[in-house]
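Asker: Sequence:
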Amino acid sequence: MSYQKMYARWKADPEAFWMQAADAIDWTARPSRAHFDQGPAGEWFADSMVNTCWNAIDRHVAAGHGDRLAVIHDSPMTNSVTRMTYAQLQDQVARLAGVMTARGIGKGDRVIIYMPMIPEALQAMLACARIGAIHSVVFGGFAAHELAVRIDDAKPRALIAASCGLEPGRVVAYKPLMDRAIAEATHKPDFTIVLQRPECVAQMQEGRDLDWREAVATATPADCVPVEGNHPAYILYTSGTTGQPKGVVRHTAGHLVALAWSVPHIYGIGPGDVFWVASDVGWVVGHSYIVYGPLIAGATTVIFEGKPVGTPDAGTFWRVIADHKVKSFFTAPTAIRAVKRDDPEGRLVAKYDLSSLQAMFLAGERADPDTVTWAEDRVKVPVIDHWWQTETGWAIAANPFGVAMMPVKKGSPTVPMPGYDVQVLDEAGHPVAPGTLGAIAIRLPLPPGTLPTLWNAESRFRKAYLEHFLGFYETGDAGYVDEDGYVYIMARTDDVINVAGHRLSTGGMEEVLASHPAVAECAVIGVADALKGQAPLGLLCLKKGVETDHAQIVAEVVRMVRDRIGPVAAFKTACVVDRLPKTRSGKILRATMAKIADGEDVRTPATIDDPAILDEIRAALAGVGYPVGAA
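For the sequence shown, UniProt numbering gives the first residue as 1, with consecutive numbering after it.
Just so you know, the hints here were simulated from the structure itself, not pulled from any lab data.
Bear in mind that the values here come from a model prediction, so they are computed numbers and not experimental data.
Be a bit skeptical, because a hint or two may be false.
With a straight-line Cα cutoff of 25 angstroms, these simulated SDA-like cross-link-like pairs (lysine to any residue) come out [claimed, not checked]: (1) Lys107 / Met1; (2) Lys595 / Tyr626; (3) Lys572 / Arg95; (4) Lys582 / Asp615; (5) Lys410 / Gly476; (6) Lys409 / Asp529; (7) Lys595 / Val499; (8) Lys543 / Asp529; (9) Lys410 / Ala143; (10) Lys543 / Leu437; (11) Lys11 / Gln38; (12) Lys543 / Val499; (13) Lys307 / Asp529; (14) Lys595 / Leu425; (15) Lys325 / Asp67; (16) Lys155 / Met204; (17) Lys595 / Gly625; (18) Lys582 / Glu616; (19) Lys582 / Asp426; (20) Lys463 / Leu437; (21) Lys463 / Gln244; (22) Lys307 / Ala143; (23) Lys410 / Asp368; (24) Lys410 / Gly346; (25) Lys11 / Thr28; (26) Lys595 / Ala622; (27) Lys107 / Glu228; (28) Lys325 / Ala622; (29) Lys582 / His550; (30) Lys11 / Val403; (31) Lys595 / Leu531; (32) Lys188 / Pro168; (33) Lys582 / Ala514; (34) Lys410 / Val349; (35) Lys188 / Ala148; (36) Lys582 / Leu531; (37) Lys582 / His468; (38) Lys409 / Ala514; (39) Lys325 / Glu376.
Generate coordinates for the entire structure from the input sequences, incorporating the hints supplied.
Answerer: Given below as structure tokens:
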């Protein structure tokens with residue numbers, strides 16, 4: 001079937017399209033229909049009964065595929081490769097679920113998971129799904145304060161953590177961060193489960209902390225518990241413009257159907273195929289396509305504990321693909337740029353047999369044409385950009401490799417997938433002509449698998465996504481659609497910046513900077529970065545009378561951001577300015593400053609309070625090495 005026929009079939013009868021897609025799932029009680037007009041944005045398969053873990057593991061074992069390889073863990077950090085079949089995975093997940101049920105964890109209870117890229121992270125997620133508990137994975141190594149914020153919002157009955165994570169040249173102790181977070185949080189979990197890793201054995205708190213291996217070894221396996229189709233499968237926190245994390249909710253049935261549809265149609269993956277997504281389970285990509293998607297499809301998923309470069313070199317990606325016969329590979333443009341920087345000629349690619357590879361997928365931030373071309377020329381397979389968000393859980397726009405590829409237009413993630421009616425609107429909510437830049441919005445209802453609301457924050461959900469353009473979901477991205485229907489994503493429309501594929505709130509960083517005793521006012525902007533896509537830059541206005549050396553203040557705020565938000569923020573640069581450019585109403589002109597820092601020529605905004613301030617900003621940014629643009 002061509003893309004055009006597939007998309008037209010969805011548009012002609014969305015209900016029939018998604019009910020047919022639902023046939024790929026095992027139901028305890030089948031849904032009576034697909035879409036339910038309830039909740040703030042509609043719900044999918046709400047009256048069904050279903051279990052995610054059964055669909056990801058048990059049904060494959062029951063069908064006689066227990067010996068099929070489910071998980072490959074490849075860790076250059078420990079120089080080890082481990083493999084696990086579906087039957088072995090079922091046993092470990094059922095036992096871990098039994099550990100939780102024996103301590104009162106059940107349907108609707110929340111569990112926070114704080115782990116590195118190891119098979120046990122996947123097992124913890126699936127164990128929660130098995131018993132109807134709602135997991136919230138927090139990126140391993142996130143700062144204690146950020147973990148505490150999530151504990152207070154999700155109010156988990158339990159935390160599951162590893163003693164440490166491994167980074168090139170260092171061991172990151174997770175357990176002390178977890179202990180500090182629990183101490184800081186108002187809400188206290190009933191207990192924790194800690195996986196001791198030999199690289200850093202954690203001190204355990206008697207009466208609260210359970211040793212993973214001891215507890216699992218003696219546990220009674222738990223059965224799968226069916227839940228309603230609109231029961232939350234998980235909460236995943238994403239940065240908001242206020243700095244307060246937003247808990248994106250994913251309903252169980254819609255999640256299952258969307259992933260069961262997208263894995264074969266977009267990525268070309270079926271039973272027994274090897275799918276490698278070089279991300280982390282702490283991000284949405286890891287949820288959808290490291291853990292749930294491949295296993296629902298009966299495929300083999302690769303869990304990689306390493307980096308694109310330095311573990312040991314820029315050939316690591318190609319080595320993993322060759323060793324494990326990867327069919328489809330998914331990574332971020334940032335990772336390919338890092339590989340390209342270390343191996344510009346791609347000489348390391350030639351060392352490995354990549355004949356198993358059929359396609360490479362890029363997502364996380366805009367894939368620039370140079371990066372796509374470099375990869376195409378080296379790996380000799382289609383390099384496919386696609387676009388989606390934490391909120392959507394799967395691709396909004398993609399090239400349906402598993403159906404029939406569309407012609408590639410570099411710089412575009414190609415075309416909307418079934419379920420997504422993508423529109424480009426002006427500020428008043430009117431559609432704009434093809435090729436015209438505007439706000440990208442999706443006509444409601446959103447498809448299965450997308451967020452139905454935010455955790456305990458329905459009003460915030462409505463305000464953030466539904467109120468600006470009535471009848472639409474506001475993506476927060478700006479771009480255009482060309483005359484062939486290809487989507488182009490050009491920029492964010494808010495102050496959330498994208499650092500190496502991670503959406504980070506400038507407001508959250510500003511909150512940290514403002515807490516420094518010498519800082520009176522501040523702003524954080526995202527500036528172009530050749531490797532990470534964007535990097536944060538802080539501008540500080542100091543209190544009068546402060547005599548501390550500016551370099552010392554900058555060093556202190558950089559350290560504060562690292563401590564409170566974590567290394568993922570990549571906050572390394574700040575400069576002191578006398579004042580910040582503002583509108584007459586007091587709004588800081590962040591976008592204008594970002595254009596100056598990026599070397600663009602800037603027209604003075606009509607709303608600026610004092611135009612002379614822009615020259616002061618240019619001088620300050622030039623002083624820290626930015627190629628400032630002209631007035």
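Asker: For each hint, tell me whether it holds in the structure or not.
Answerer: Hint-by-hint comparison with the structure:
no. : hint            : in the structure
1   : Lys107 / Met1   : 40 angstroms, violated
2   : Lys595 / Tyr626 : 11 angstroms, holds
3   : Lys572 / Arg95  : 44 angstroms, violated
4   : Lys582 / Asp615 : 14 angstroms, holds
5   : Lys410 / Gly476 : 22 angstroms, holds
6   : Lys409 / Asp529 : 23 angstroms, holds
7   : Lys595 / Val499 : 17 angstroms, holds
8   : Lys543 / Asp529 : 30 angstroms, violated
9   : Lys410 / Ala143 : 37 angstroms, violated
10  : Lys543 / Leu437 : 40 angstroms, violated
11  : Lys11 / Gln38   : 21 angstroms, holds
12  : Lys543 / Val499 : 30 angstroms, violated
13  : Lys307 / Asp529 : 19 angstroms, holds
14  : Lys595 / Leu425 : 23 angstroms, holds
15  : Lys325 / Asp67  : 18 angstroms, holds
16  : Lys155 / Met204 : 22 angstroms, holds
17  : Lys595 / Gly625 : 14 angstroms, holds
18  : Lys582 / Glu616 : 13 angstroms, holds
19  : Lys582 / Asp426 : 24 angstroms, holds
20  : Lys463 / Leu437 : 23 angstroms, holds
21  : Lys463 / Gln244 : 14 angstroms, holds
22  : Lys307 / Ala143 : 20 angstroms, holds
23  : Lys410 / Asp368 : 7 angstroms, holds
24  : Lys410 / Gly346 : 20 angstroms, holds
25  : Lys11 / Thr28   : 29 angstroms, violated
26  : Lys595 / Ala622 : 13 angstroms, holds
27  : Lys107 / Glu228 : 10 angstroms, holds
28  : Lys325 / Ala622 : 49 angstroms, violated
29  : Lys582 / His550 : 23 angstroms, holds
30  : Lys11 / Val403  : 17 angstroms, holds
31  : Lys595 / Leu531 : 18 angstroms, holds
32  : Lys188 / Pro168 : 33 angstroms, violated
33  : Lys582 / Ala514 : 17 angstroms, holds
34  : Lys410 / Val349 : 22 angstroms, holds
35  : Lys188 / Ala148 : 10 angstroms, holds
36  : Lys582 / Leu531 : 30 angstroms, violated
37  : Lys582 / His468 : 24 angstroms, holds
38  : Lys409 / Ala514 : 43 angstroms, violated
39  : Lys325 / Glu376 : 19 angstroms, holds
Violated hints, in rising order: 1, 3, 8, 9, 10, 12, 25, 28, 32, 36, 38; the structure is consistent with all others.
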